[in-house]
Structure formats: C-alpha cells, structure tokens
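Chemist: The lines below spell out each chain.
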Amino acid sequence: MAARSDTAAAVKDIEAYKYGFVTDIESDRAPKGLNEDIVRFISAKKNEPAWLLEWRLKAFRYWLTLADLEPAWAKLHYPKIDYQDAYYYAAPKQKAALKSMDEVDPQLVETYKKLGIPLLEQQIMSGVAVDAVFDSVSVATTYKKKLNELGVIFCPISEAVQKHPELVQKYLGSVVPVADNFFATLNSAVFTDGSFVYIPKGLRCPMELSTYFRINEKNTGQFERTLIIADEGSYVSYLEGCTAPQRDENQLHAAVVELVALDDAEIKYSTVQNWFPGDKDGKGGIYNFVTKRGACRGKNSKIMWTQVETGSAITWKYPSCILQGDNSVGEFYSVAITNNRQQADTGTKMIHIGRNTRSKIISKGISAGKSSNTYRGLVRVQGKADGARNYTQCDSLLIGSACAAHTVPYIENRNPTAQTEHEATTSKISEDQLFYCLQRGMTEEEAVSLIVNGFCKEVLQTLPMEFAVEAQKLVGISLEGSVG
Amino acid sequence: MIEIKNLHVSVQGKEILKGISLSINAGEVHAIMGPNGTGKSTLSNVIAGREGYEITQGSVTFAGQDLLAMEPDARARAGVFLAFQYPVEIPGVSTSAFLKTAINAKRRAEGLKEIDAMEFLKLVKAKTKALGIADDMIKRPLNVGFSGGEKKRAEVLQMTLLEPKFAVLDETDSGLDIDALKVVSDGVNALRGPERAFLVITHYQRLLNYIVPDHVHVMTGGRIVASGGRELALELEANGYAKYMAAA
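Respectively, the protein sequence lines represent chains A and B. Converting from the first sequence to our numbering requires adding 74 to each position, the first position being numbered 1. Converting from the second sequence to our numbering requires adding 911 to each position, the first position being numbered 1.
It is worth saying that the hints were derived from the structure and are not from the lab. Being a predicted model, the structure only gives us computed values, none of them experimental. Any given hint might turn out to be false.
Here are the simulated DSS-like cross-link-like pairs (lysine-lysine), alpha carbons at most 27 Å apart as the crow flies [as the list claims (entries may be wrong)]:
(1) A:423 x A:434
(2) B:1011 x A:531
(3) A:188 x B:1011
(4) B:1050 x A:502
(5) B:1024 x A:188
(6) B:1036 x B:1011
(7) A:502 x B:1011
(8) A:547 x A:531
(9) A:547 x A:187
(10) B:1024 x A:547
(11) B:1062 x B:1033
(12) A:531 x B:1062
(13) A:434 x B:1050
(14) B:1036 x A:531
(15) A:547 x A:502
(16) A:547 x A:434
(17) A:373 x A:275
(18) B:1050 x A:188
(19) A:531 x B:1033
(20) A:502 x A:531
(21) A:354 x A:154
(22) B:1011 x B:1076
(23) B:1033 x B:1011
(24) A:354 x A:149
(25) B:1011 x A:187
(26) A:547 x B:1050
(27) A:531 x B:1050
(28) A:119 x A:106
(29) A:547 x B:1011
(30) A:373 x A:244
(31) B:1040 x B:1024
(32) A:434 x A:502
(33) A:502 x A:188
(34) A:187 x B:1024
(35) A:547 x B:1033
(36) A:354 x A:502
(37) A:354 x A:187
(38) B:1062 x A:502
So that you can see chain A by itself, here it is in the shape it has in the complex:
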C-alpha cells in the first residue's frame, strides 16, 4: 500500500511538471505517454552517442506507422493496450533497506521457503540488509574482477554503450532488427535497461553468468534489452530470471534479447519466468511480449534456449535460432505452465540457412484451471540448407476439464535433402496415477508436482543444476490448487 501511494504522489508531481520537463534532464521520471521527446529524454538520460539516439528515433518513427499493426495472430485475448497511458522512463528507486525478515511480506517468505531458497538469498532478494559476514557487494566485485581478467565483458547495456560502443554498434539490432515486429520496434525506441555480455575468442566462461548476480540485480526494467556475443570458439551459459515471484508495477513488458554465436561458439541461455500471473479471476498480472532470437552466425556454432515459463497473465514469446553457419545447431527446451486465467502463446522458430544445420525442439505445455496454453513453432529450411535436420516434440498435459492446449506447428521445407520430424501428444493426469500416488501417502499437491515434474523432466534437466532444483519446486507451486 505504501509503495502504491508513493507512486501516486510521484505521478501527481510529474503531471504538474508536464510541460517543463524536456529541458529538465535532472528529473527522474518522464511524464506519461510516448513521443519523440520521450525518446530523446531517455537517450539524454543515458548520455548516449548520436548514432544510438538516431537508431531509437528511427525505431520510434517506424513504430508510429505500425499503430494498428499490433500482432493479432496469437491465441491471446486481452484488452487493447493504450501505449500513451504508460510511463517509459523512471530512474530505479532506492528502496529503504528492511531490518529483518520479519518486515518482509509473510506470503513471500512462505514461497521462498517452499522453493528452498537459502535464507541469505531470501534476505538479498527482499532487500533486507545483509550482515557483514557475507558482504554481497564484495563477492560481486570479486567475480567481476575475475571475469575482467579473462576479458569477459558483463555489464549493463547502458554501460557497454559508453565503454564498448564499437561492439554495441556492430551487433545491436543485427539479430532483431528495428523493424522486426511491433513490440521489438517499441523496445528499440525506448529500452532503458538490460545486460551486455561479450565472451572473447576461445574462452570457456568459467561461471554461469548471473547465477549469483540474479539475486543482486536492481529491478529489471519494463523494456529490457540484452545482447550477448560469443566470439569464435567461446562458450557461455547465461541465466535470466528468478524462481521467486516477481512483482512489478508495470503491466506491460516488451523485452528484446539478441544472441550472436560466431564460429565454433556456444551460448546456453536459460530463463525462469515467474512474474505475477494475476489473481484467480485473471485480474492484474503482467503482459509479457518478448522477442528473443539467436544467430548462429559462425560455422559449428550452437545456441540452446531453455525456458520455464510459469508466470505472467499473457505470455507471447518465441525464442528462435537463425542457423546461418554450416553445421550450426539450435535447440529449444520449454516448459510453459498456465493456471487459473493465464494465457500463453509460446514456441520457437528454427531457420535453417547453412548446410547440415540441426535443430531440436522439446516443448512441454501444462494447462490447468481455466487457462489457455498454445505451442506455436516454425521450422523453415531454406534452399541451400543441404542435409538440414529438425526434430520437434510437443507434449501437452491437461489438468482438469476447463483448460485448453493448442499446438500450431509450421513446417516450411525448401530443400529436398532436409529431414523434419514432428511428434505431438496430449494427455491428462489420470485418476489412476493420482490415486496410486495418494495410496503411497503423498498429498494431492505432492502427487501433481511429482507427475508434472516427470512430464517436464527432459526440459528441466537441461537447466543448470542449482536452478533445476528450484525450478522443480516452482513447477509444483505453480499448480497448487489446480486439482480437486
């Protein structure tokens, strides 16, 4: 409540200063609405070079031409979004540190416990001041120093714009162009936050990026922009998100993630998304419109996406791979869980351009309550992709009788030597399975969690170890109350 009234007060302030703001670079909030001045304001705030401002403006002007072209092909229903009724820039607010876990929302603490998150991480995540025994800042600094010595660049994208402009300029928008789609274009105009990663030639990055940092980051922005470049022969595993529930005042999220893998490089990108899904009746909840794409630009390169999507009211997300280099490999492993009134339309695109390119898609959709869960995937083999191969497996699991699961695979094959395979199943948790587990003393919730985790195993086991354990628990928690 306190946070809400703070916001209300802040909004009032801004409204009052509405007309004077453009010159007022010191202001920490842009007024409501979206126009060129807002885009300039964001760019000025970030002290960006001229080329980036031009890039943003180009995106914004193009976006204006798309006004009525918001994608409508997904199986999602939501009220029309008024893009002028939103804020596009707000400096991160410093929250007052809490003194102990006693001050944290008990419901949040309960969820942390169920997820098995260590007390220390709980404290950091909920903003409790951590005692001197474990100085989070110094640990982060130690990691950063080590990464630095290895030549790894891992920093906020706004920092990379200042320190490594040549890399950012070379790769930004090279995988997801400014004009890619409505949401990506919007993101290009107004992105404010995100990560930048560069792994130098031949280096196998020795730690999961953001395994530690994920709990230490500031609130992620509404329009995140992430760019990861793996130079020749390098390897990196990147983790995004958090199993703990994420609350956010912004309802609309439109992130863009671009990955570039050069010759013989490999990128593993794992996501756990647990944003506020709205209440039982579907009120509130995040709208998540994400564009994620990786380019396997070099020969023998590999990009692997793993996602566990349990949150958000609306999920519109298709992490994709452009398999340009010969012998490159794209993989997509997905668990998408929808409960209550959640809607997810998610899948992938595998674009085979180079010779002997291979792709694999394993998608597990679980629908419960009155939710709707759609897999939408494209496998395209272009004319020169001799010997390309794809294997797709889409499994849907239904819990209860009021939910829906849909599978929409598109296969376009323009090369006679290519092979594509598609398998799909739809099943329900059977009464027999449930009763069998109950007869062994498990509660209904434990039984559902166990059965669903078995269903998702192939995907969950691709997650980095410590994440996998939390993700398993998350699967159970997301489905609480879905049976009986």
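Dock chain B against the given chain A, drawing on the hints supplied.
Modeler: For chain B alone, kept in the frame of chain A given last:
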C-alpha cells in the same frame, strides 16, 4: 487391527458388496479367494479409499479410527498399503524419486525429518538385493516398460520400504512365473510379524502355498460365503467354486 462390519458398496447404483464383515487382528494373514467379478477388487479399493464407490451401509475401523472418513493419502500415512493388481506407470519419475517422495511423506506424518540421500541409497540397496531387483531398475521411470514380474517386485519393494501396519495384496500373483512368485512371497513373508496384518486377495490357491494364511474366506456374489483355515483353500483347488456359487 481392522474391523469391517456389514459393508455394502454400490458402483453407479449397482450393489457390488452386499454385507461384508471381516475382522483381522495384528499378526494375522487372511486370504480372500473367489472367482472373477465377485467384488474382491472393490473391497481392496474401498479400503484404500479410491473414488467412485458409494458406501451405502456398514463401517470399516482401522486401529480404532473410522477409516472411511479418512482421505486416501491419510489412510496410507496411517499405515494402510495396497499392492495394486495393475501398478500404474508414472513417466519421467524414476522409481527411486518416487520411493523417496513416498518415504518422506510417511516420515513427515511421523514427525521425522526427511531421509538423507546416503541413508536412502543404503536402505534401498539392501532391500532391492533381497528382492532380486536389479540396480538399474530403480533408476528407470516407475513401472514404465516394466515386465509383469518387475511391476510386482516394485510393489513389494514399496511395501517393504513403507512398512505398513496393514497391507492388502490385490491379485499380486497374477502374471507371475514361479520364480517371481517365490521372490515376491519371500518379500511378503519377511514382513510378517506380530505387529502387522495382511489381506491377500487371490484367484488361485497357488500363492497360498508360499504365503501361508491363518484364515481363508471364500467370496462370491459380493458376500463372504465360507470361512475356514488353510484347508479351505486346498479344498477349493480340488473342487472349484461351483458349490459356493450356488450358495450365493
């Protein structure tokens, strides 16, 4: 241990059990024999608390508690175990993960902390060896692709690990060759003791050569029509159920 009184059960309006009364004391092994379709499996399902059965009359008391008022999982944690005639496949869930979850559910009910990984492995290893279960079986998804014999061994393994107070074995001998039958019976016999009761449901007397019961009941047409000692089973083997079918 368990007291069944005048139990009447219907399925979709059709009466299947027509007044079953049965009392089993701790330390005893009772066998129910009867032809197919007489309500033997209905009785085991009702004891375990499966949905879809309407209890129209009678009571079941377990260790002084009203068993019929308890949820199926609470019955299991209180010590009621059902070895299934058709064990259910759980894809993607390794047998060992399933066992561990079940053991911990019971331990939690008893106020114990969860079993640690080393202790669990040691325990399972010892029990699988005794049951002639190959080490790799517990790594496979539960019952998925198991042979008939493997499924029944897995049931007995679960029973051994969960140490129930009262176990119902529903046609545990079906689909077993003679070697598997011996192994499974040895597993059951090893659990026999003064604190534990068994109800063995079977079509054939063969099983009772290995698991020797204290009492034998004949069930036809939803009623227990005869009760006696071990010799009753032998008589049934010699003469069949015809005599009792007429009685029902």
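Chemist: Now tell me, hint by hint, if it's right for this structure.
Modeler: Hint check results:
Of the pairs offered as hints, the one joining residue 423 of chain A and residue 434 of chain A holds, with about 11 Å between alpha carbons and a cut-off of 27 Å not exceeded. Using a Cα cut-off of 27 Å, the hinted pair residue 1011 of chain B and residue 531 of chain A holds, with the two alpha carbons roughly 17 Å apart. Between residue 188 of chain A and residue 1011 of chain B the alpha-carbon distance is near 18 Å, which keeps this suggested pair within the 27 Å criterion. A distance of roughly 24 Å separates the Cα atoms of residue 1050 of chain B and residue 502 of chain A; the hinted pair therefore holds under the 27 Å criterion.
Between residue 1024 of chain B and residue 188 of chain A, the direct Cα distance comes to roughly 16 Å. Compliance with the 27 Å bound is thereby established for this hinted pair. Of the pairs offered as hints, the one joining residue 1036 of chain B and residue 1011 of chain B holds, with about 13 Å between alpha carbons and a cut-off of 27 Å not exceeded. Simply put, residue 502 of chain A and residue 1011 of chain B have alpha-carbon atoms about 24 Å apart, close enough for the 27 Å limit, and the pair holds. The hinted pair formed by residue 547 of chain A and residue 531 of chain A meets the criterion: a straight-line CA distance of about 12 Å does not exceed 27 Å.
Only pairs whose Cα atoms come within 27 Å are accepted, and residue 547 of chain A paired with residue 187 of chain A is accepted, the gap being roughly 10 Å. Taking the CA atoms of residue 1024 of chain B and residue 547 of chain A, the gap is near 18 Å; set against the 27 Å cutoff, the hint holds. Our distance criterion of 27 Å between C-alpha atoms is met by residue 1062 of chain B and residue 1033 of chain B, whose separation comes to about 22 Å. Of the supplied pair hints, the one linking residue 531 of chain A and residue 1062 of chain B holds, its CA atoms being roughly 22 Å apart against a limit of 27 Å.
With a C-alpha separation of about 25 Å, the suggested pair residue 434 of chain A and residue 1050 of chain B falls inside the 27 Å cut-off, and the hint holds. Between residue 1036 of chain B and residue 531 of chain A, the direct Cα distance comes to roughly 24 Å. Compliance with the 27 Å bound is thereby established for this hinted pair. A hinted pair counts as satisfied when its Cα atoms are at most 27 Å apart, and residue 547 of chain A with residue 502 of chain A qualifies at roughly 20 Å. About 26 Å separates the Cα atoms of residue 547 of chain A and residue 434 of chain A, which keeps this hinted pair within 27 Å; it holds.
Pair hint residue 373 of chain A plus residue 275 of chain A holds up; C-alpha atoms about 14 Å apart against a cutoff of 27 Å. For the suggested pair residue 1050 of chain B and residue 188 of chain A, the alpha carbons sit about 26 Å apart, so the restraint of at most 27 Å is met. Of the supplied pair hints, the one linking residue 531 of chain A and residue 1033 of chain B holds, its CA atoms being roughly 25 Å apart against a limit of 27 Å. At roughly 16 Å between alpha-carbon atoms, residue 502 of chain A and residue 531 of chain A fall within 27 Å of each other, so this suggested pair holds.
For a cut-off of 27 Å, the pair hint linking residue 354 of chain A to residue 154 of chain A stands: about 21 Å separates their Cα positions. In summary, the hint linking residue 1011 of chain B to residue 1076 of chain B is supported, as the alpha carbons are separated by about 19 Å, within the 27 Å threshold. Between residue 1033 of chain B and residue 1011 of chain B, the direct Cα distance comes to roughly 12 Å. Compliance with the 27 Å bound is thereby established for this hinted pair. Of the pairs offered as hints, the one joining residue 354 of chain A and residue 149 of chain A holds, with about 20 Å between alpha carbons and a cut-off of 27 Å not exceeded.
Restraint check for residue 1011 of chain B and residue 187 of chain A: satisfied, since their Cα atoms lie roughly 20 Å apart, inside the 27 Å limit. Distance hint between residue 547 of chain A and residue 1050 of chain B is fulfilled; the C-alpha atoms sit about 21 Å from each other, no more than 27 Å. A threshold of 27 Å between alpha carbons decides the hint, and for residue 531 of chain A with residue 1050 of chain B the separation of about 14 Å falls inside it, so the pair holds. For the hint pairing residue 119 of chain A with residue 106 of chain A, the CA-to-CA distance comes to about 16 Å; that is within 27 Å, so the pair holds.
As the CA atoms of residue 547 of chain A and residue 1011 of chain B are separated by approximately 15 Å, the hinted pair is consistent with the 27 Å bound. Pair hint residue 373 of chain A plus residue 244 of chain A holds up; C-alpha atoms about 19 Å apart against a cutoff of 27 Å. With a CA separation close to 26 Å, the supplied pair residue 1040 of chain B and residue 1024 of chain B stays within the 27 Å bound. Only pairs whose Cα atoms come within 27 Å are accepted, and residue 434 of chain A paired with residue 502 of chain A is accepted, the gap being roughly 25 Å.
Taken as a hint, the residue 502 of chain A and residue 188 of chain A pair is honoured in the structure, with Cα atoms around 26 Å apart against an allowance of 27 Å. Restraint check for residue 187 of chain A and residue 1024 of chain B: the C-alpha separation of about 16 Å stays at or below 27 Å, so the hint holds. Under the criterion of a C-alpha separation no larger than 27 Å, the hint pairing residue 547 of chain A with residue 1033 of chain B is consistent with the structure, at around 25 Å. For a cut-off of 27 Å, the pair hint linking residue 354 of chain A to residue 502 of chain A stands: about 22 Å separates their Cα positions.
At roughly 22 Å between alpha-carbon atoms, residue 354 of chain A and residue 187 of chain A fall within 27 Å of each other, so this suggested pair holds. Using a Cα cut-off of 27 Å, the hinted pair residue 1062 of chain B and residue 502 of chain A holds, with the two alpha carbons roughly 23 Å apart.
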